[in-house]
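Trainee: Let the sequences and hints guide you as you build the complete structure.
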Amino acid sequence: MAKTVGLNPSVVVVAAERAGTNVDLPEAVATINAALAALRVGVPDATLVVVGPAALNGMDDSRAAELDSEVRAAAARVGATYVSLLEPNVLDPSMVASDGVSVNEAGHAAIAVRVKTALS
Numbered sequence: 001m002a003k004t005v006g007l008n009p010s011v012v013v014v015a016a017e018r019a020g021t022n023v024d025l026p027e028a029v030a031t032i033n034a035a036l037a038a039l040r041v042g043v044p045d046a047t048l049v050v051v052g053p054a055a056l057n058g059m060d061d062s063r064a065a066e067l068d069s070e071v072r073a074a075a076a077r078v079g080a081t082y083v084s085l086l087e088p089n090v091l092d093p094s095m096v097a098s099d100g101v102s103v104n105e106a107g108h109a110a111i112a113v114r115v116k117t118a119l120s
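Residues in the sequence shown are numbered from 1 upward in steps of one, following our numbering.
I should point out that these hints are in silico values taken from the structure, not numbers from a laboratory.
A hint or two may mislead.
[Unchecked claim] Cut-off 20 Å, straight-line C-alpha distance, at most; resulting in silico cross-link-like pairs (EDC-like, lysine to aspartate or glutamate):
(1) 116 x 87
(2) 116 x 92
(3) 116 x 99
(4) 116 x 24
(5) 3 x 45
Since we're looking at a predicted model, the values are computed, not measured.
Mentor: Right, here's the structure in full:
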């Protein structure tokens, strides 16, 4: 983050990691809030764009929605633009990489289109 702040960018895009059922929600929320608050202090005039978590196959939808809601709230607290990958879900099972954990090229492309559309 220090490198980002040192560059004094006009736009900063922050992406949440893949939403997982093994995430300790209170710990994740604290980390998200701290990171976004530090960015806002470090680059007060930058446009902040926060991309929410993605849900891959096998994901508990209620858990993903809960994390999405928390990230959205954290973004709002620092005046960031929020882009949800869950409303509607931008990914489908064909967009999961062979490792079963990451998104493939089609998934990255779908995410990029969602972000671009949200910022247009």
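Trainee: Each of the hints needs a verdict: does it hold here or not?
Mentor: So, going through the hints one by one against the coordinates:
Annotation: proposed proximity of residue 116 to residue 87 holds, straight-line Cα distance about 15 Å (limit 20 Å). Between residue 116 and residue 92 the CA atoms are separated by roughly 19 Å; this keeps the pair inside 20 Å, and the hint holds. Annotation: proposed proximity of residue 116 to residue 99 is violated, straight-line Cα distance about 27 Å (limit 20 Å). Between residue 116 and residue 24 the alpha-carbon distance is near 30 Å, which puts this suggested pair outside the 20 Å criterion.
For a cut-off of 20 Å, the pair hint linking residue 3 to residue 45 stands: about 16 Å separates their Cα positions.
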